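Protein sequence lines correspond, in order, to chains A and B.
Each number in my numbering comes from the position in the first sequence (counting from 1) with 985 added on.
Each number in my numbering comes from the position in the second sequence (counting from 1) with 1482 added on.
Heads up, none of these hints are tricks.
Anything over 10 Å on all C-beta distances counts as not near chain B; from chain A, calculated:
| id | residue |
| --- | --- |
| 1 | E1038 |
| 2 | H1058 |
| 3 | N1064 |
| 4 | A1072 |
| 5 | V1098 |
Cβ-Cβ distance ranges computed for the label pairs, FRET-style:
| id | chain 1 | residue 1 | chain 2 | residue 2 | range |
| --- | --- | --- | --- | --- | --- |
| 6 | B | V1526 | A | M1000 | 28 to 36 Å |
| 7 | A | E1043 | B | V1526 | 18 to 26 Å |
| 8 | A | S1050 | B | G1575 | 23 to 31 Å |
Bear in mind the hints are in silico, worked out from the structure with no lab data behind them.
None of the values given here were measured: they were computed from a predicted structure.
Where a beta carbon is used, it is the ideal one built from N, C-alpha and C, also for glycine.
Each chain is listed here by its residues.
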Amino acid sequence: DTAVSQTPKYLVTQMGNDKSIKCEQNLGHDTMYWYKQDSKKFLKIMFSYNNKELIINETVPNRFSPKSPDKAHLNLHINSLELGDSAVYFCASSQAALSYNEQFFGPGTRLTVL
Amino acid sequence: SQQGEEDPQALSIQEGENATMNCSYKTSINNLQWYRQNSGRGLVHLILIRSNEREKHSGRLRVTLDTSKKSSSLLITASRAADTASYFCAGQGAQKLVFGQGTRLTINP
Chain A
986 DTAVSQTPKY
996 LVTQMGNDKS
1006 IKCEQNLGHD
1016 TMYWYKQDSK
1026 KFLKIMFSYN
1036 NKELIINETV
1046 PNRFSPKSPD
1056 KAHLNLHINS
1066 LELGDSAVYF
1076 CASSQAALSY
1086 NEQFFGPGTR
1096 LTVL
Chain B
1483 SQQGEEDPQA
1493 LSIQEGENAT
1503 MNCSYKTSIN
1513 NLQWYRQNSG
1523 RGLVHLILIR
1533 SNEREKHSGR
1543 LRVTLDTSKK
1553 SSSLLITASR
1563 AADTASYFCA
1573 GQGAQKLVFG
1583 QGTRLTINP
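Pulled out of the complex, with its shape left as it was, chain B reads as follows (with noise of 0.2 Å):
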């Protein structure tokens, strides 16, 4: 069953702007890991937070993660028109990791 389930599904800001997605998962993970895919492209792995771990902090990028709500969320601070692309979370259990159907960002110039 899907474990990632990213809210929302689309989000569109004016460049500038702070984006927030979140994400819900169902079963125990290990950690969880962000992901960014371009129109076209394959996933490109932004940032890993352990199930020990509760914030963690990447140049503009910014991840929380609940496992008592088992959820996570994920801010991109001062958005730029590059930062246009769908954003996956992934659990990661035993050996897998369990994609949810991405936010689709549209940061407008």
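In isolation and in its complexed conformation, chain A is listed as follows (with noise of 0.2 Å):
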């Protein structure tokens, strides 16, 4: 009975190759959302979605697009992966996109780019 939980844990791929990461939460929430955490362990939102729409789209390459097929899902698929791309992926779901909710997150997917 996971709440949040995303495939796969690790991704090891080739530089230029397509993948991608999926999550799905079954705490019924509205809002779900992709995180980057680099080797520094710096955590740095890079889209939300809200009831299957786009709510945040932060300053990220369009390499990268978020598909929302229902509230319960949120996958990322990243083309023409670069090294720079290696970092862990959290997904991370809360009841609503307003402000005084937890966020609930994901255990992460390591993706290493060679």
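Assembling the complex is the task here: the two chains are given apart, and the hints tell you how they should meet.
Shown next as structure tokens:
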């Protein structure tokens, strides 16, 4: 009964490939997020969806494309992977996009680009 | 730009001692949250303090917020080995959380 799950947990791939990471939450939350955590543990938001609509789109290369087929799922597709994309990607969800809501994080996907 | 900055970046103490971590932020916030991350895991929410609150307690955790100084502190009392983790503060603005780089806390048995 995992609250926020991500697949895969580890992803090792070559530069130039295209890959996807999937996220699902069973908390009934309206809002989902993608974060990137770099090697220095700095966690930065990339995207946020509220009820399948994109509400936050930080300065992220357009090689990154999120997709939310329904409010329980938020996937992240990355085209033409680069070395600098190596990081841990976290999915999270919260009850709503408004303030005063804690976020629930998935276990992370460690992406290594060779 | 990075909102939260934690201090110290790393802290090592003996089990049973208290651990204090500080956080500063740059812009206005609606609330400030603290999260914990065990090695190789996702973040877990610990406590949320609203901008109109000055202090909040939850079990062995005590959080303070000083909006005039744009700073917060997290105190963990009577530390245990299981408290070893990274601790992040995150300021919540309009719709997003902005995280600092965290404090790596090590509790020595």
